[in-house]
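Peer 1: In this text, residue positions in the sequence shown follow this note's numbering: the first is 1204, and each later residue adds one.
FYI, nobody ran anything at the bench for these hints, they're computed from the structure.
Note that the coordinates shown come from a computational prediction; the quantities given were computed from them, not determined experimentally.
Built from N, CA and C at the ideal position, the CB exists for glycine as well.
Be aware that a few hints might be false.
To be verified - Simulated DEER-style distance windows between Cβ atoms:
#1 Val1243 with Asp1279: 14 to 22 Å
#2 Ala1221 with Arg1290: 16 to 24 Å
#3 Phe1251 with Asp1285: 15 to 23 Å
#4 Leu1281 with Ile1255: 18 to 26 Å
#5 Thr1259 with Lys1206: 27 to 35 Å
#6 Met1204 with Asp1250: 30 to 38 Å
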Amino acid sequence: MEKYEIMYILNATLEEGARKAEIEKLHGILTAQKATVNDVKEWGVKDFASPIHNLTKGYYVVINVTADVAALKEFDRLVKLDSNVIRHLVTVAHKTAKK
């Protein structure tokens, strides 16, 4: 398992309860695939540099996870189908050295 950083942007028009439920659902996708969510940082509502799908703001969340490739692929697949997620990005946070 490797460490990854995932940033996703939710629709800023979601009410607080719906936003919290959406965040829990997204993290549940990862934990159902045996991944571990290590840290969650909610950056809040930020303006976009240019409109995305006619939206000018989004709610930014950055999480650090320990996961395998299968968990990330499933997360990627389901996030693409979720209309509340405007964008997402997965990056490798730490590469473990193999002995």
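Peer 1: Determine for every hint whether it applies to the structure shown.
Peer 2: For each hint, the structure was consulted:
1. At roughly 19 Å, the beta carbons of valine 1243 and aspartate 1279 sit within the given window of 14 to 22 Å.
2. For alanine 1221 paired with arginine 1290, a C-beta distance near 18 Å keeps the hint of 16 to 24 Å intact.
3. Against the hinted window of 15 to 23 Å, the Cβ-Cβ separation of phenylalanine 1251 and aspartate 1285 comes to about 18 Å, which satisfies the hint.
4. Restraint check, leucine 1281 to isoleucine 1255: a C-beta distance of roughly 20 Å satisfies the suggested window 18 to 26 Å.
5. Remark: the range hint 27 to 35 Å for threonine 1259 to lysine 1206 is upheld by a beta-carbon distance near 33 Å.
6. Taken as a hint, the range 30 to 38 Å holds for the pair methionine 1204 and aspartate 1250, whose Cβ atoms sit roughly 36 Å apart.
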